[in-house]
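Undergrad: Between the sequences and the hints, there should be enough to build the whole structure, so can you do that?
Protein sequences, first through last, are from chains S and A.
Going left to right, the first sequence walks through residues 0 to 89 as numbering that gives the first Met the number 0 numbers them.
Going left to right, the second sequence walks through residues 0 to 271 as numbering that gives the first Met the number 0 numbers them.
Honestly, the hints are just simulated from the structure, not real lab data.
By construction, the Cβ of each residue, glycine as well, lies at the ideal position given by its N, Cα and C atoms.
Warning: the hint list may mix true and false statements.
Simulated pairs of lysine to any residue, SDA-like, Cα-Cα distance not exceeding 25 angstroms [as the list claims (entries may be wrong)]:
no., chain 1, residue 1, chain 2, residue 2
1, A, K262, S, D74
2, S, K37, S, R85
3, S, K37, S, E21
4, S, K33, A, L126
5, S, K33, S, V58
6, S, K37, A, P84
7, S, K73, S, D49
8, A, K263, S, L60
9, A, K262, S, E61
Covered by chain S, per the in silico footprint, the following chain A stretches (three or more residues, Cβ under 8 angstroms) [claimed, not checked]:
no., region
10, 48 to 60
11, 102 to 114
12, 123 to 135
13, 140 to 148
Each pair of labels, with its calculated beta carbon distance range [unchecked claim]:
no., chain 1, residue 1, chain 2, residue 2, range
14, S, V29, A, V121, 21 to 27 angstroms
15, S, E61, A, M125, 15 to 21 angstroms
16, A, W134, S, P65, 22 to 28 angstroms
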Amino acid sequence: MEQASTADQTTVDQTIAEQIAEKLGPYLGVHNAKNAVKTFSRSVFGRDPDTLTIEDLPVLLEGLRPMLRTLVGKDSAESVLRAIEREVKA
Amino acid sequence: MSFRILVAIPLAWVAVFSVLDQLVSGTAGYRIFMRTEIELVKGMALIGCLAAALAFGRGEYMRRAWLFMGGCMLFLLLRDLTMVPAIEKSSLPIAPIRGSLVILANASLIVGILLLARAWKVAGLMLPGTRRQRWVVLLIAIFTAAALGGPGVVKNLIELLGGDLRALSGMAMSLGDSISLCLIAPVLLTALALRGGLFEWPWWLLAASLLSWLIYDCIWELGLYLGMGEHAWRSVCEMFRALACMFEFSAGLAQYHIVKRTKKDTQTSTGA
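TA: This is how it looks when you write it as structure tokens:
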């Protein structure tokens with residue numbers, strides 16, 4: 000129980016960008032996941048990733064879609080994006 | 000599935016081949032042993048490429064890339080089929096058929112490698128290093144490929160201009176090798192960009208395959224000049240051909256498992 004609450008607290012303490020990068024890390028590698036979120040945040044919103052809010056999530060995921068589709072195909076990419084959408088918290 | 004197994008398979012294959020090569024060498028069955036081994040590794044590479052391609056949906060970028068990679072092995076296997084005595088002795092125009100199949104194989108290889116080498120750009124990945132560093136890596140690859148494949152291209156071009164049409168397939172092979180060797184650079188950089196993540200595996204294994212082809216070409220061209228005996232030269236060449244094909248098999252299998260595993264993992268994590 001204590002472990003679960005610590006994990007929840009970590010998620011809450013993380014920014015949206017950090018949470019997305021953390022979800023993508025196991026697939027893209029930590030360095031590349033952070034870079035991808037930073038790049039798409041700047042190119043799509045013209046802002047630093049730290050300023051992203053939960054309202055920006057659908058548009059950001061739309062930006063990540065082509066990359067994931069290329070690397071693992073449509074079905075797996077959609078699955079990853081849905082997982083991020085459900086697990087990332089404000 | 001542990002991806003380390005996919006690294007171990009090509010190495011284990013080569014270890015077994017080396018032992019058998021020593022045991023069978025000099026016997027009446029040696030030619031058959033070598034021929035069988037060559038066709039087996041090509042067949043395995045084809046299986047790997049097909050597995051990778053079929054993991055993707057119809058029309059997807061990587062499906063196309065892997066299908067072209069597999070196309071190379073398919074055409075080479077068809078070419079090898081023309082060495083079967085019954086076909087060789089038939090009234091078919093064997094030389095032009097062989098030449099055409101080699102050209103098709105190399106065209107397929109070039110398109111496949113080009114597609115894989117461009118995947119980072121299509122995906123919007125950022126490659127590691129500065130622009131200058133990436134150019135240095137690319138130039139080293141181009142220089143190495145030109146040094147190894149260049150003489151073959153020039154030799155075959157001279158023969159072709161002299162009216163020997165058989166040189167066309169030799170030129171296709173040398174050109175195919177040179178271009179695919181140049182493309183080691185972007186494949187390696189893609190592997191580096193994805194390091195630490197699940198998606199890195201097919202790229203490292205593919206880079207290992209291309210690197211094995213590079214060494215194969217190097218020994219093929221220079222082995223005899225370096226004083227290697229005829230048998231040692233053929234055996235070492237065959238070891239690196241086997242490594243190249245088996246790493247391609249492993250890369251394809253890694254790609255297949257990653258596509259499937261990513262979908263399964265994310266569905267499990269969301270309880271879908």
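Undergrad: What are the numbers of the hints the structure violates, in ascending order?
TA: Of the numbered hints given earlier, those the structure breaks are 6, 7, 11 and 13, listed in rising order.
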